[in-house]
Structure formats: structure tokens, C-alpha cells
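Q: Once you have looked at the hints, place chains B, C and D with the ligands on chain A.
Sequence lines, in order, name chains A, B, C and D.
Using this note's numbering, read the first sequence as starting at 1 and increasing by one per residue.
Using this note's numbering, read the second sequence as starting at 1 and increasing by one per residue.
Using this note's numbering, read the third sequence as starting at 1 and increasing by one per residue.
Using this note's numbering, read the fourth sequence as starting at 1 and increasing by one per residue.
There's no promise every hint is true.
[Stated by the list, open to error] Cross-link-like lysine to aspartate or glutamate pairs, in silico, EDC-like; alpha carbons within 16 Å at most:
{"#": "1", "chain 1": "A", "residue 1": "K264", "chain 2": "B", "residue 2": "E279"}
{"#": "2", "chain 1": "B", "residue 1": "K39", "chain 2": "C", "residue 2": "D257"}
{"#": "3", "chain 1": "B", "residue 1": "K159", "chain 2": "B", "residue 2": "D15"}
{"#": "4", "chain 1": "A", "residue 1": "K194", "chain 2": "C", "residue 2": "D324"}
{"#": "5", "chain 1": "A", "residue 1": "K198", "chain 2": "A", "residue 2": "D229"}
{"#": "6", "chain 1": "A", "residue 1": "K47", "chain 2": "A", "residue 2": "E17"}
{"#": "7", "chain 1": "C", "residue 1": "K115", "chain 2": "A", "residue 2": "E102"}
{"#": "8", "chain 1": "A", "residue 1": "K306", "chain 2": "D", "residue 2": "D314"}
{"#": "9", "chain 1": "A", "residue 1": "K47", "chain 2": "A", "residue 2": "D21"}
{"#": "10", "chain 1": "A", "residue 1": "K306", "chain 2": "D", "residue 2": "E312"}
{"#": "11", "chain 1": "C", "residue 1": "K288", "chain 2": "C", "residue 2": "E15"}
{"#": "12", "chain 1": "B", "residue 1": "K306", "chain 2": "C", "residue 2": "D314"}
{"#": "13", "chain 1": "A", "residue 1": "K194", "chain 2": "A", "residue 2": "D164"}
{"#": "14", "chain 1": "D", "residue 1": "K115", "chain 2": "B", "residue 2": "E102"}
{"#": "15", "chain 1": "A", "residue 1": "K39", "chain 2": "D", "residue 2": "D257"}
{"#": "16", "chain 1": "A", "residue 1": "K159", "chain 2": "A", "residue 2": "E16"}
{"#": "17", "chain 1": "B", "residue 1": "K47", "chain 2": "B", "residue 2": "E33"}
{"#": "18", "chain 1": "B", "residue 1": "K264", "chain 2": "A", "residue 2": "E279"}
{"#": "19", "chain 1": "B", "residue 1": "K194", "chain 2": "B", "residue 2": "D242"}
{"#": "20", "chain 1": "A", "residue 1": "K110", "chain 2": "A", "residue 2": "D164"}
{"#": "21", "chain 1": "A", "residue 1": "K264", "chain 2": "D", "residue 2": "D324"}
{"#": "22", "chain 1": "A", "residue 1": "K264", "chain 2": "B", "residue 2": "E278"}
{"#": "23", "chain 1": "B", "residue 1": "K306", "chain 2": "C", "residue 2": "E312"}
{"#": "24", "chain 1": "B", "residue 1": "K194", "chain 2": "D", "residue 2": "D324"}
{"#": "25", "chain 1": "B", "residue 1": "K264", "chain 2": "A", "residue 2": "E278"}
{"#": "26", "chain 1": "B", "residue 1": "K47", "chain 2": "B", "residue 2": "D21"}
{"#": "27", "chain 1": "B", "residue 1": "K159", "chain 2": "B", "residue 2": "E187"}
{"#": "28", "chain 1": "A", "residue 1": "K39", "chain 2": "A", "residue 2": "D15"}
{"#": "29", "chain 1": "D", "residue 1": "K288", "chain 2": "D", "residue 2": "E15"}
{"#": "30", "chain 1": "B", "residue 1": "K198", "chain 2": "B", "residue 2": "D242"}
{"#": "31", "chain 1": "C", "residue 1": "K141", "chain 2": "C", "residue 2": "E238"}
{"#": "32", "chain 1": "B", "residue 1": "K264", "chain 2": "C", "residue 2": "D324"}
I should point out that these hints are in silico values taken from the structure, not numbers from a laboratory.
The residues making up each chain are set out below.
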Amino acid sequence: MAEMMYREALRRALDEEMQRDPLVFLMGETIAERGGSYKVTEGLLQKYGARRVVDTPIAEASFTGMAVGAALVGCRPVVEILFVDFAMLVMDQIVNQAAKYEFISGGQGKVPMVLRTQGGAGNGLAAQHSQSLEALFYHIPGLKVVMPSTPADAYGLLKSAIRDDDPVVFIEHKLLYMTRGPVPAQEALVPLGKAEIKRPGRDATLITYSYMTLKCLEAAAVLEKEGIDVEVVDLRTLTPLDTQTLLASVRRTGRAIVVHEACKRGGVGGDIAALLMEEAYDDLDGPVLRIAGRNTPIPYNLTIEKACVPSVQEIVAGVRGMV
Amino acid sequence: MAEMMYREALRRALDEEMQRDPLVFLMGETIAERGGSYKVTEGLLQKYGARRVVDTPIAEASFTGMAVGAALVGCRPVVEILFVDFAMLVMDQIVNQAAKYEFISGGQGKVPMVLRTQGGAGNGLAAQHSQSLEALFYHIPGLKVVMPSTPADAYGLLKSAIRDDDPVVFIEHKLLYMTRGPVPAQEALVPLGKAEIKRPGRDATLITYSYMTLKCLEAAAVLEKEGIDVEVVDLRTLTPLDTQTLLASVRRTGRAIVVHEACKRGGVGGDIAALLMEEAYDDLDGPVLRIAGRNTPIPYNLTIEKACVPSVQEIVAGVRGMV
Amino acid sequence: MANMVAEEEKATIPEAVALEIYRNIYATRRFELRCIELYRQGRIRGYLHPYLGEEAVAAGACAALRPQDYIVSTHRGHGHCISKGADLRLMMAEITGKATGYCRGRGGSMHISSKQLNHLGANGIVGGGIPIAAGAAMGIKVRQGDQVVVAFFSDGASNNGVFAESLNMAGIYRLPVIFMLENNHYAVSTPIECATGCCDLAGRGPAYGVPGICVDGNDAVAVYRATLRAAERARRGEGPSLIEANTFRHGGHHVNDPGLYMDPKLLQEWKARDPVAIMQRIVADPVKIQAIEGRVEAELEAAVDFAAESPEPDVAAFLAEIPD
Amino acid sequence: MANMVAEEEKATIPEAVALEIYRNIYATRRFELRCIELYRQGRIRGYLHPYLGEEAVAAGACAALRPQDYIVSTHRGHGHCISKGADLRLMMAEITGKATGYCRGRGGSMHISSKQLNHLGANGIVGGGIPIAAGAAMGIKVRQGDQVVVAFFSDGASNNGVFAESLNMAGIYRLPVIFMLENNHYAVSTPIECATGCCDLAGRGPAYGVPGICVDGNDAVAVYRATLRAAERARRGEGPSLIEANTFRHGGHHVNDPGLYMDPKLLQEWKARDPVAIMQRIVADPVKIQAIEGRVEAELEAAVDFAAESPEPDVAAFLAEIPD
Ligand SMILES: Cc1ncc(C[n+]2csc(CCOP(=O)(O)OP(=O)(O)O)c2C)c(N)n1
Ligand SMILES: Cc1ncc(C[n+]2csc(CCOP(=O)(O)OP(=O)(O)O)c2C)c(N)n1
Ligand SMILES: [Mg+2]
Ligand SMILES: [Mg+2]
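Looking at chain A on its own, in the form it has when it is part of the complex:
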């Protein structure tokens, strides 16, 4: 095990996959010379050259479309969209092209591309640089959606995403880049579609992903002192969703809260809650609840920004209220 930062883990994944497969290449804004806004691609230009590490103009729609085209001729492009907010510029290419191609071609072609992007609030970046928009991808058949919370997962999932034959939307979190954690010294893939129980517990299940996993673990630590034993399930991959692990957990604990930073209305929490209640109603002691972002754009001011996303206290109170 090596200790490393989330962003280093991502870089290592890119590096190893580029080494392994000459068809993997990167495109994005200021990812080459400058190494990316969050330094994830630092050094890769020097190592792999300008043919495989490509700085683009500010033309998100088309360079994402280009990734689709490159994937169709057998490459494995990884495009970086600086903020998931800007992914709104590429929805046509993602929703109508990448996600649909295999289907409309009757299975003739696949689109093995990864769209790396980054979301979440917390740095005073305001309404167009702080969104959590995974629900928009989650709803589209043909896409896989990955949202790692730890360096090890970031590393192992990005490698799997690159090797996957479907288009994968890989969403990092801006507050995670500098977090540290152990990553296996040897190559280690994390399969897509497998949730991980980050903390086992008996009294209630917190279902979460990305940065909120850290908050849930903090909440669990607080609750532990009160004798409440909480299970924290980190989805890691939203689609395919690991319903098996989820169902097993809530059947064991009988209570669950889905926690995410994205706005509650129309967030994936509702879908997961509905699904668990459809499938495990009789094993539940009450409704599956949601603790999620307020239904508002994110403001610039840090104080009110903080009020927009779930806090540890809110999660603690939520669990207390249900057990």
C-alpha cells in the first residue's frame, strides 16, 4: 500500500492505462502543457507526447463529439470537462450520440470513451462551478456513471472505466483531489457496478457516494459514541447500480437514508429510495429517507454555500430520528 492523494491516484491510473494501451489518449482544456486545472494530467504530455495528450480550444461540445468518433475507430479516448457544469454543453454528444450508438447501430459499434469531470460545492465557486449533476446521466440508458470517494477507488475505477467498452461518465469531486489514502502498490482494478461497504453496521444504512461518503463516515463515528452502529455503503458506481449490496444491507439494518450532495428534487436518492421500498418494503421499519442538497443553485458566499449541502450534523440527526 502506498499513501497518495486522490489526484495522484487518478494520474497513476491514466499513466498505467496509457502505458498499457497505445489507443488510450487524452483530450481537454489545458491538460497538456499545464497538467490540468486540478493537476491530474501533470507530466503525461512529457511522457506520452502531444499526439496522446491533447490541449483543446474551448469547444466542449465538439471535442466530446470527437471522443465519440475516436472511440468508434477503436481508440479509448479520455476527455476532461473541467467542471460538470460545463458538461451541459456536451449533453447532445453524450446523450444522443455516445449513449445511443451501440443501440442504434444494432450492436455493431461500441463507444469506449471516458468523460472525466468534476463537481460539487465547497470552494466559493458559485452557481456555475459547483453543481452535482450526476442524476442527468443516471437517467440516460447507455451510460455508466462512476463517482469515487477514495484514492484507491479513484485509481481502480478509472482503470476499469478506461477498459470498459461503454461510455463512462466519471465524476470526481473538487474537495477530494487533495485527500489522501492508501492505494495498492500493485495494479488493482475496482470493478464497475460494485458498491463497497465502507463501514459495516447493524442499526441503519447510509447509502452514499463521492464526497458525501466522508461525511457519512464522520457521522457514523459520532453516532458510534452514542451506541448507534451505522453501515455506510459507498455506491462508487451509480450505473450499473449494485442493488444486491444495497438490498442486502437494508434487509439487515431495516432502515436506510440515501445521502447525496445533489439537489434532492429529482436526485438519484429518490430513485434508490423508491427501488429499495419496492423491493424490500416488508423488511423495512420505515421509509427510506433522503438527506440531500437544497433545491437551489449554489451561492458564492461560503456561509450560505455551506447551508446548501448536507452536513455531518444533519446526517447524524437524520439517523437519530429514525433508530
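A: Positioned in the frame of chain A, the structure of chains B, C and D with the ligands alone reads:
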């Protein structure tokens, strides 16, 4: 009451609002000369001139952005995006600009625009012309989402949408344009945010909207013969959601199914189901279920296309299984 | 059309090429007419956008390509598909929604593609294919292959932002892509003069550093030559080209559009320069022409029969294929 | 920069205009420097993109506008806001996230706007404001007003599809909008030569039927004159103009970017042509210059104090405002 087609009702709404307010104007592809692909804007160019009925190039992102700008200087633009699938091209302008403006300006400005578009399967138009994507707008704070099922609602809601000071995504259904129904002879607005009980019933609630309202009413007619009395609630407006009417209904019937054509995964059904269970768990006899579109793009072939969206039989079976 | 290359290029081209071009023009013409019949009979559904009148663009362009080269097509894509070498049976099966079609009935006319032919697909999103073509060219560069990509699209798509973006990026990266702008002068009912303040569409190339030329799109030989030059340029690593091929639809935007808004005089002028007739004059030999036409008719009837006899996609199998 | 208008236009302009321009250039310069200090002290958060070195573009352009004219700004928007007449107190309050700011602390530097000033807003999406500006101009036409709209944006944004689309539509509809392309030669660290195959950005106008001219963006008078001409043209109903104003950042992309990738020779050359100094030479009168500077310093300190003393937005009130 006058009998008219859904598309005629829409046209009447546009006509009356343009008559009433010189700041209302229309933009879209082939809406002027040709009267629109679905003939909704027919005759309006002749009546209001080229300054207020504007044919655009195929530049959806920018003409939608132009609507935002026009709204900011006091107009009430109504833009037409031919298919909701193409709305993926304008997500940046809708999500990052229109929906955010009031908030980021600290309430200084409003964006009173309507984006009229059209969705749904059923005509063999395949994967890029048949989607139901309302969930993507439903998740975004700052937007209102309207999906009328009848000519009267289409008429009254479009008028309200145009007068509303917020950006409204107004989604019609391609299979509804030629349906007929009564529309008040006098001017009659339908308020945004009010669901309508299209059929009262005691045994279970079907919560639905848009074209699926017709299917639910058909299902209710079938079930009536079996002695099952189903309430059909047509949401009409998805945001703001009329939770009051929904809660009152499910508290009365104790059972509910949300029915929509959009893919089940991440559709609004999950959100509504979760919400109802959070709020009315003790009044329910079981989980709120969902009957929704398969998690797949829509194919061209009519037979398999049909298999992708809920049928009357499926709804009937769903209700039978729960009462 | 000031800088349009030679109105009707009579200079000799290899006979095999001329015959191939004529075959594809004629096959497209007949295929489209047959599709319109089938549509009227309810055997084709959804949208059908005939390529009637524009056949020379696809036929000329594809004749300049090798099998390993790629094309990206549009909603008006039958001509591209046929000229890239499609099996008419698999095409017709697809367009009639049969399980035996190129896309197993899932795609239809607007989404036809063929992996085997390196045809990356028609597209229901106007302009949607342009960045995909540029990306395929980028992929070829990454793979260090020597293929070129032709992106077909029309005047309407040229007003969409992805065209400017893709042109610009193709220029920067010197991608082996040819932007084949089929200027048929209309986007549905909107004439190009109403959709831009500058109708010199080829001129948009230089604005982004990409050479742009204008050719007579009803003259397949002119298109062929221009494409050949652009393909050679691309293979030499000199980058993309924009070719504006001027042409005209012989009818409305889709099968149900009578196209009444079209200028009748202009339509007549363009019809007088029918690509089928122009190419017949170039091929010249009536025996060869007849032989080609006979083969095409037989192929076409076989295609219609094949499609008619083919099964519909199986519903249960379809549903079973949907992933979790 | 071949067709760049007169390097440093010395021709007389009304003194009041010259003084206003100098005031805005100087105020912007000082405001930015003060913001950087405050950022280092942690009193400004998020992104801060200084307009240092580019002040003449906004000051020159806005001097050609009337109060009722509109502007649309960018992430690098302080200069636009100041030159449109902003109250520095409300600006500083906004940028430090206070409840008294233009946007009540919700927007910050990247989203500042003022309804009262007809400033439609900065934007966090590169290029996002361009169609909004065209649309404001469309709205003016619908209202039959006589205002014009200036869209500020930079070279990076000019490679985004919305620029081409908006330019094209502004041309068709003859919208009263001025596309003010602040070519500072970089998009973050990417030099414009690496982001397009054709660096004649003004030349993109004619490709869409919009006249394009190139001016020295460090010479506020040149920008002023060009804007005035474009505004008059717009008011006469003749439609949009594209103005490429060449300029250069005096530092990195944002406050935390040292900008080491910038060509030091070029930077020095541009710094030698500092817009503050150029405008001082034009105003010439040292007494008037000093008077302006004195007033700006006082205003600025008052703004910093006002912001410091202003309350943070109230959390409970904020949450209560969220609609259902
Ligand atoms: C993004 C998008 N907008 C609108 C449409 C509807 N539509 C289909 S074809 C067409 C006209 C396209 O014109 P052009 O690009 O000139 O192609 P042509 O039909 O002339 O071949 C339009 C507007 C679409 N399919 N996609
Ligand atoms: C659509 C979009 N893509 C990327 C970014 C990230 N970004 C912020 S500023 C910037 C550079 C913009 O360059 P330019 O348009 O030249 O403006 P300048 O910074 O030079 O004023 C980038 C890439 C963004 N904000 N929006
Ligand atoms: Mg056309
Ligand atoms: Mg710049």
C-alpha cells in the same frame, strides 16, 4: 366550450398571449413560413409579422440563449425546440443561464421565457426523436416544468407559462397534437403547480402526466369493470409539484403507482414515490410503485418501440396486483 | 457559386471509376423512389428524407475513397450508404425495420450504419456527425493509420456551432477529414439566404484556417476530383479540407413534404442538370449504362423481397437484451 | 494585426470623454490590485480573474455607450462593470460575498450584474454570454427600442460554437449588438495560435456576413471610436459589428496563476504599452489626472470599508427564500 385539437389549443394560447402582450414573441426552426413541424404556430407570422415570429437557423444553443437575453430586457420569448431530444443542445443555456439568473443576480433579474418542446415515443422516429427527458429539467432549481395532457390544459397552461416570470420548460407530446377535447370558449388560465384529478376513485391512485394520462384513464375504465375504482391524478406541472393534491389522494386511497413514459431509472417517478413514502408512510398499504419506460433508447421498429413504454395492460396489471 | 470548379468536368477519369459512380447514382435514385413507394404503403415508418437530386455528391465523394476510409452521414443518408458500398438488402431491411437490417431494425433510415463498410452512421441530430467525423480522424492519427474520413452534412448544419468548432479543431490538429458540405440550399423550408448573412459557405473554411473550395455537386466527377485532392492532402498529413458541393433537392424535405416553398424556377433549372443524366453523358456507352441499370433493378427487387420476407425483431429477445 | 486601426489615436476626443475613460481605466487598475490584496487576505474567495492590462477595452467601449445601452460581461468582468458606471461599494461588497453587494453575495466576481446599470451580467461559462447579448439585442428590436448591446468576450470564447451561431444570427436579423472580442492572446495558458488555425479573429465576422475590424485594445480612444461607429451603425438598423481589440493580460489567468507560460518578451512589450500610461498621455493635464486619481482612491477605500462593515447574508433568510 369549443372542441379543438391539442395543437389548435396551443396555437390559440400563443395567439391570445401575443395579442395581449406585444412583448411576447416566438423563435424557432420553420415556425414562421411553414407554421412549425406540428403546425402549432401556423398563421401567426401572417398575423404578427416577422419581428415577432422568427425563423431561426439550426443553432439551438444560441437561439435559446437569445431567448434568455431577450427575457432579460423585458420581453417574453417563447422558443420552440422541435424535439426534446434536441434540447440536449441547449442544456447550458437552460441549466446554467436561464435557471440560474435570478439567483446569481441576487433577485435583480428574472427570465420570463418559455421553451416549448415535444417528446415521447410512438411514431417510429427512433432513438434521437422519441425521448422523454423531463427528469433532466425537474432536477434543476430555477426551472418550471409543464406537461399538459389535454387541449384545455395545453391552452390554459401555456398561457400561464408565458405570463410566468420564471423560465418554463413546456413539453408537449407528439401523440397528443391531434387529440381533441373541450376548451373553454372564454379565456381561461390553468395555474402552474396545480395537479388535476382527472378521474376520482377510492381504491388506488395513478399519478401521471402528459400522454400517459390517457393510458391511465383507459386502464381505469378497464378496472372499473372489475369493480376497482382508480383515481387518476394528472400532475400537469412537474415543478412546482402539487404535493398537497398528491398526498391527499394517496392518503385517501392508501395505494399509488406513478406512471410515466420516461425511463424508470432516474425518472421523476422515483422522486415522487420517495416523497410520498417519506410524507405518508403510515397511510400507505404498501410501497408506491412505478410503471415507467424501459431503461433503453427507443428503437425504430414499431413493435419493439411499443414494448418500451407502459401499456394499458401493464397499468391494469399493476393496479390489480396492488389492491 | 463564383469559384465553383468547372461546371461539368468532362476530362477523362478511369472508366471503372465512372461506371462505379454511375452505378451508385443510379442505384440511389432508384432506391429512393422505391422507398417512397414503400412509405406510401406503410412499410417504412418514421422519417424518410430522400436524397433525390443530390446523388452525385455521395457517389463522387465515395468513389475517391478506399474501403478502409470512413464516412459519417446525415438524416438524408441513403446515398452515402449506397455509395460506400452497402448491400441494398441489408439497407432495405433496416429501413423497413427488420431484424435482418444493418442495425437489426433499431436504427431505421435516420441511423443506418455499417461497421463492415466503415460507415460510422447517419444521424438524427443535424450537425451531430460533424465532430464525430473529426474525432474519427483524430483516432486515425492516434492509431497512426492512413485512412481519411468524409463528413457529409448540409447547409443547415453549417450554421450549427459544432461545424465551426470542428473545422477549427481539425485545422489545428491537421486531421485527415474532409468536410463535405452538401449545399442543397434548404434546411427543411428555410432557404440558405435566410439562414446566414453570408452564403459563401466554402469561405468559412479559411476563417478557421481550413482551405475551402466550391464544386458543382450535380457533377459527380467534379466532386470526385475535389475529394481525391482533399484525400491526398489529408494523407500527406496536411490536414482537413472543406468542400462545398452545390446541389438541390428534387422534392420536399421528407417524403411527406410537398416542398411547395421551393422556388419552381430554380427547381426546374436544377432538375435540368439531373446528376443521373450528367453522369450518363460522361459514361456515354449505352450498353454499359444499360447493364448497370439492369443489375441495379435486379438488386433492388431482391432487396425489397429480402426485406419483405425478413422477420420483425423479436420483442422478448429485445427486452431481454436491455441491460440492468 | 494587419488591419489594426491607428496605433494610438491621438486625434482629439471630447475632454469629458477622455476624463471618463481615464477614470475608468485607473479605477479598474486600482480596483484589481486591491482585490488581489484582499484575496491574499482571504477576504475574497473562489475565482478572481484580474483585468489588469486590458482596462482600456472596457473603458473605451463603455464610453461610447449611453446609460440605457446594455453590456454582457465575462469571468474577467470587473473592468466592464466599473466602466459601465458601477458603484465600487456594491461591487466590492459583492466580490467579498456580502449581503449588500449587487447580487447579495450570491454571485461573486464571476456573476456580477446590475439591473440598474443595464449590465446583464458576468458569466462563469466561457462564451455563455454571447447569445444572451444577441438575444438582448433581439429583445430591443422586438420592443422597438434604440439601445445597443455590447458583448464582451475573449479569444478563447471565439472558438466556441455559440460565437459562430450568434454572429450568424445577429447578421441575419441585423441585431444592434457589438461583439467586442478582447483578444488577450490566451485562454488560461493556451495561446491563441494553438487554439485556432487562423488567428485573424476579426476575419470571422465577414465569414458570417458581419463586418469585422481590428483595433489596438490598449488604446482606449481607438476602442471608443470603433465602438461609437459600430453603435451608430447598429442604431441605424444596419446590424452587428465585430471588433477585435488586441490586448494582453499583465499577469496569469487568475489570481493564483503566476502565468509562467506567458512569453516574457511579449509581456514586456505589452506592459510598455500600458493602457493607463497611454491614456495619461492623451488626457495630458497632470492636475486633472491627479484629481481623478485622488477621487478614485477615496472611492476605493470607501468601497473596501463598506464591504468590510457589511453583513454576511443571513443563513436562515437564505434558506427561507428557496422556493418549493
Ligand atoms: C439539432 C437538430 N435540430 C433540428 C432538427 C430537425 N431537422 C431535421 S433535418 C433539418 C434540416 C437540416 O437541414 P440541412 O442541414 O441543410 O440538411 P438537409 O435536410 O438539407 O440535407 C432539421 C431542422 C434536427 N434533426 N436536429
Ligand atoms: C464553457 C467553459 N469552458 C471552460 C471554462 C474554464 N475557463 C474559465 S476561463 C477560461 C479561459 C477563457 O479564455 P478567454 O475566452 O480567452 O477569456 P480570458 O480568460 O482570456 O479573458 C476557461 C477555459 C469555462 N469557464 N467555461
Ligand atoms: Mg440543406
Ligand atoms: Mg483570452
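Q: Against this structure, judge whether each hint is valid.
A: Results for each hint:
no.: 1; hint: A/K264 x B/E279; in the structure: holds (15 Å)
no.: 2; hint: B/K39 x C/D257; in the structure: holds (13 Å)
no.: 3; hint: B/K159 x B/D15; in the structure: holds (10 Å)
no.: 4; hint: A/K194 x C/D324; in the structure: holds (13 Å)
no.: 5; hint: A/K198 x A/D229; in the structure: holds (13 Å)
no.: 6; hint: A/K47 x A/E17; in the structure: holds (13 Å)
no.: 7; hint: C/K115 x A/E102; in the structure: holds (11 Å)
no.: 8; hint: A/K306 x D/D314; in the structure: holds (12 Å)
no.: 9; hint: A/K47 x A/D21; in the structure: holds (14 Å)
no.: 10; hint: A/K306 x D/E312; in the structure: holds (13 Å)
no.: 11; hint: C/K288 x C/E15; in the structure: holds (11 Å)
no.: 12; hint: B/K306 x C/D314; in the structure: holds (12 Å)
no.: 13; hint: A/K194 x A/D164; in the structure: holds (14 Å)
no.: 14; hint: D/K115 x B/E102; in the structure: holds (11 Å)
no.: 15; hint: A/K39 x D/D257; in the structure: holds (13 Å)
no.: 16; hint: A/K159 x A/E16; in the structure: holds (8 Å)
no.: 17; hint: B/K47 x B/E33; in the structure: holds (12 Å)
no.: 18; hint: B/K264 x A/E279; in the structure: holds (15 Å)
no.: 19; hint: B/K194 x B/D242; in the structure: holds (5 Å)
no.: 20; hint: A/K110 x A/D164; in the structure: holds (10 Å)
no.: 21; hint: A/K264 x D/D324; in the structure: holds (11 Å)
no.: 22; hint: A/K264 x B/E278; in the structure: holds (13 Å)
no.: 23; hint: B/K306 x C/E312; in the structure: holds (13 Å)
no.: 24; hint: B/K194 x D/D324; in the structure: holds (13 Å)
no.: 25; hint: B/K264 x A/E278; in the structure: holds (13 Å)
no.: 26; hint: B/K47 x B/D21; in the structure: holds (14 Å)
no.: 27; hint: B/K159 x B/E187; in the structure: holds (9 Å)
no.: 28; hint: A/K39 x A/D15; in the structure: holds (13 Å)
no.: 29; hint: D/K288 x D/E15; in the structure: holds (11 Å)
no.: 30; hint: B/K198 x B/D242; in the structure: holds (14 Å)
no.: 31; hint: C/K141 x C/E238; in the structure: holds (12 Å)
no.: 32; hint: B/K264 x C/D324; in the structure: holds (11 Å)
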